[in-house]
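Here are the chains, one letter per residue:
2 protein chains.
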Amino acid sequence: MNNERHILSAFDRDLETVQALVVKMGGMVESAIHDAAIALETRDGELADDIRRRDKAIDALEHQINEEAARLIALRAPRATDLRMVLSVIKISHILERVGDYAKNIAKRSNVLADMPAIDGAGMALRRMSATVEAMMKDALDSYIQRDAALAADVRKRDLEVDQMYNALFREFLTHMMEDPRNITACMHLHFIAKNIERMGDHATGIAEQVIYLATGELPEDPRPKGESVPRMEGA
Amino acid sequence: MNNERHILSAFDRDLETVQALVVKMGGMVESAIHDAAIALETRDGELADDIRRRDKAIDALEHQINEEAARLIALRAPRATDLRMVLSVIKISHILERVGDYAKNIAKRSNVLADMPAIDGAGMALRRMSATVEAMMKDALDSYIQRDAALAADVRKRDLEVDQMYNALFREFLTHMMEDPRNITACMHLHFIAKNIERMGDHATGIAEQVIYLATGELPEDPRPKGESVPRMEGA
Numbered sequence: 001m002n003n004e005r006h007i008l009s010a011f012d013r014d015l016e017t018v019q020a021l022v023v024k025m026g027g028m029v030e031s032a033i034h035d036a037a038i039a040l041e042t043r044d045g046e047l048a049d050d051i052r053r054r055d056k057a058i059d060a061l062e063h064q065i066n067e068e069a070a071r072l073i074a075l076r077a078p079r080a081t082d083l084r085m086v087l088s089v090i091k092i093s094h095i096l097e098r099v100g101d102y103a104k105n106i107a108k109r110s111n112v113l114a115d116m117p118a119i120d121g122a123g124m125a126l127r128r129m130s131a132t133v134e135a136m137m138k139d140a141l142d143s144y145i146q147r148d149a150a151l152a153a154d155v156r157k158r159d160l161e162v163d164q165m166y167n168a169l170f171r172e173f174l175t176h177m178m179e180d181p182r183n184i185t186a187c188m189h190l191h192f193i194a195k196n197i198e199r200m201g202d203h204a205t206g207i208a209e210q211v212i213y214l215a216t217g218e219l220p221e222d223p224r225p226k227g228e229s230v231p232r233m234e235g236a
Numbered sequence: 001m002n003n004e005r006h007i008l009s010a011f012d013r014d015l016e017t018v019q020a021l022v023v024k025m026g027g028m029v030e031s032a033i034h035d036a037a038i039a040l041e042t043r044d045g046e047l048a049d050d051i052r053r054r055d056k057a058i059d060a061l062e063h064q065i066n067e068e069a070a071r072l073i074a075l076r077a078p079r080a081t082d083l084r085m086v087l088s089v090i091k092i093s094h095i096l097e098r099v100g101d102y103a104k105n106i107a108k109r110s111n112v113l114a115d116m117p118a119i120d121g122a123g124m125a126l127r128r129m130s131a132t133v134e135a136m137m138k139d140a141l142d143s144y145i146q147r148d149a150a151l152a153a154d155v156r157k158r159d160l161e162v163d164q165m166y167n168a169l170f171r172e173f174l175t176h177m178m179e180d181p182r183n184i185t186a187c188m189h190l191h192f193i194a195k196n197i198e199r200m201g202d203h204a205t206g207i208a209e210q211v212i213y214l215a216t217g218e219l220p221e222d223p224r225p226k227g228e229s230v231p232r233m234e235g236a
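If you're matching them up, the sequences are chains V and G in order.
Under full-length UniProt numbering, think of the first position of the first sequence as 1, with each following residue one higher.
Under full-length UniProt numbering, think of the first position of the second sequence as 1, with each following residue one higher.
Pulled out of the complex, with its shape left as it was, chain V reads as follows (with noise of 0.2 Å):
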């Protein structure tokens, strides 16, 4: 009975750990998609090379994070629910490390930007934008640290606003492209930017329903409240 105490007490441990470490790297991931959206703004090509700089950073805490699990799975031999909170820290790992990513092609494109004709208000309302996302993976990491299935469906709910924005901003950026092709190239890295950044709501997205996943023991059966994800609008 003791030494079973024992064992379960250790797998706490090391999963605390590990779990630590996926907190660690969210913190970096939500610092990343802040300063992406101000280097766009700005225009600051030396925050934007930071940014860049820290997603090997956040490469390598993915890489520590799944050997760290491997180990606590080797070592402890969990099952069920244990195992299951195991394999999520992998995936959370690998979804943080795909924003990362985004992130970092944010920062890239605001570097080519700089050298480009200004969109009015496009910096703006994409830094709006990557806030409402920004507070999502916030949110979507609350809620798997405090395995609160509420929140979690919370931020899940949020993502139609997020591609609601992104579907504003297509059809603000086809306009501008219009009225003038001198905003083409311009128009179409910062249409990928506001891509970027959808993408990342549906990460957090996913982040949420590893969530409901450990809370309920399944994933959510109802398809995502989503925004139509190609807008449809004709040529001019």
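By construction, these hints were calculated from the structure, which means they are not laboratory data.
All values reported here derive from a predicted model rather than from experimental measurement.
Even for Gly, the Cβ is constructed at its ideal location relative to N, Cα and C.
A portion of the hints provided could be inaccurate.
The following label-pair restraints were derived from C-beta to C-beta distances [to be verified]:
id, chain 1, residue 1, chain 2, residue 2, range
1, G, His63, V, Lys138, 24 to 32 Å
2, G, Thr17, V, Ala153, 45 to 53 Å
3, V, Leu75, G, Gln146, 45 to 53 Å
4, G, Arg182, V, Glu67, 49 to 57 Å
5, V, Glu179, G, Glu46, 45 to 53 Å
6, V, Glu179, G, Asp120, 23 to 31 Å
7, G, Asp115, V, Ala168, 20 to 28 Å
8, V, Lys24, G, Glu46, 25 to 33 Å
9, V, Val23, G, Ala118, 48 to 56 Å
Straight-line Cα separation of at most 27 Å, BS3-like style, residue types lysine-lysine; simulated pairs [what the hints assert, rightly or not]:
id, chain 1, residue 1, chain 2, residue 2
10, V, Lys157, G, Lys108
11, V, Lys56, V, Lys24
12, G, Lys91, V, Lys91
13, V, Lys108, G, Lys195
14, G, Lys108, G, Lys157
With chain V held as given, fit chain G onto it using these hints.
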């Protein structure tokens, strides 16, 4: 001794079962890549709808693979290389699910594009790019089944070709948009499709990197050979 041998072979049998599901999933994803390019080029709305339906089966298969892998870990408590192999099953099926999503997105967009003016040669160029990625995906999965690190390294190298195809298309679409604003909306969608195919190539590379990790115990150290991921092109 006899007992240990029994345990080993039970693990191997279980691993083969779950790997067979990954192979099946890989076949479905290869078909989806193939058909998405055909649906786009021939403006075949029924085929596009079919791809969207089939994506549900791909998603369900990922879920099943996850459950089987978790069951395998819980039941057989694999360690070291064995554990790494089971975890790679989870990773690879997740990558395949992402690629299936990209194929579905292409199918969605090809429905939207069917109502727009055609862009000369775009369908054929995208199908060529898609065929390259489909072959990479096939070889990545073959390298996985055969634990063939040399074939996996070859897949990684070929991603450079896909990046170059993408960059050439990016420039072509820009030219079409600048020549005639009526092409803008169609080119925005086509550009997205090109980017989705380029991302599929990245994912095939991701599978190849898992294979190299399985075969050598280390992720490839050298940065992945890569064309410029954000084309630097000035506005007209």
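Checklist entry - Between Asp115 (chain G) and Ala168 (chain V), is the Cβ distance one that fits in 20 to 28 Å? => result holds (21 Å)
Checklist entry - Taking the beta carbons of His63 (chain G) and Lys138 (chain V), is their distance inside 24 to 32 Å? => result Given a distance of about 27 Å, which is inside 24 to 32 Å, the answer is holds.
Checklist entry - Keeping to a limit of 27 Å between CA atoms, is the pair of Lys91 (chain G) and Lys91 (chain V) held or broken? => result holds (8 Å)
Next on the checklist: Against the 27 Å threshold, does the CA-CA distance of Lys108 (chain G) and Lys157 (chain G) hold or violate the hint?
Outcome noted: This hinted pair is violated, its Cα atoms lying about 30 Å apart.
Next on the checklist: Hinted pair, alpha-carbon criterion (27 Å max): Lys157 (chain V), Lys108 (chain G). Please report holds or violated.
Outcome noted: Given pair Lys157 (chain V), Lys108 (chain G) holds - Cα atoms ~23 Å apart, limit 27 Å.
Checklist entry - Is 48 to 56 Å a correct range for the gap between the Cβ atoms of Val23 (chain V) and Ala118 (chain G)? => result 50 Å Cβ-Cβ, so the 48 to 56 Å window holds.
Next on the checklist: Can you confirm whether the C-alpha distance between Lys108 (chain V) and Lys195 (chain G) stays at or below 27 Å?
Outcome noted: Given that 27 Å is the threshold and the Cα spacing comes to 16 Å, the pair holds.
Checklist entry - Is it true that Leu75 (chain V) and Gln146 (chain G) lie within 45 to 53 Å of each other by Cβ? => result Given range 45 to 53 Å: violated, Cβ gap about 31 Å.
Next on the checklist: 45 to 53 Å was suggested as the range; check whether the CB atoms of Thr17 (chain G) and Ala153 (chain V) agree with it.
Outcome noted: Given about 34 Å between the Cβ atoms, the range is violated.
Item to check | Status of the given 23 to 31 Å range, CB of Asp120 (chain G) versus CB of Glu179 (chain V) | outcome: Cβ of Glu179 (chain V) to Cβ of Asp120 (chain G): about 25 Å, so the range 23 to 31 Å holds.
Checklist entry - Does 25 to 33 Å hold as the CB distance between Lys24 (chain V) and Glu46 (chain G), or does it fail? => result Once the Cβ atoms are compared, 49 Å apart, the range 25 to 33 Å for Glu46 (chain G) and Lys24 (chain V) is violated.
Item to check | Agreement of Lys56 (chain V) and Lys24 (chain V) with the hint, judged by alpha carbon distance not exceeding 27 Å | outcome: holds (14 Å)
Checked against the numbered hints above, the structure violates hints 2, 3, 5, 8, 14; every other hint is satisfied.
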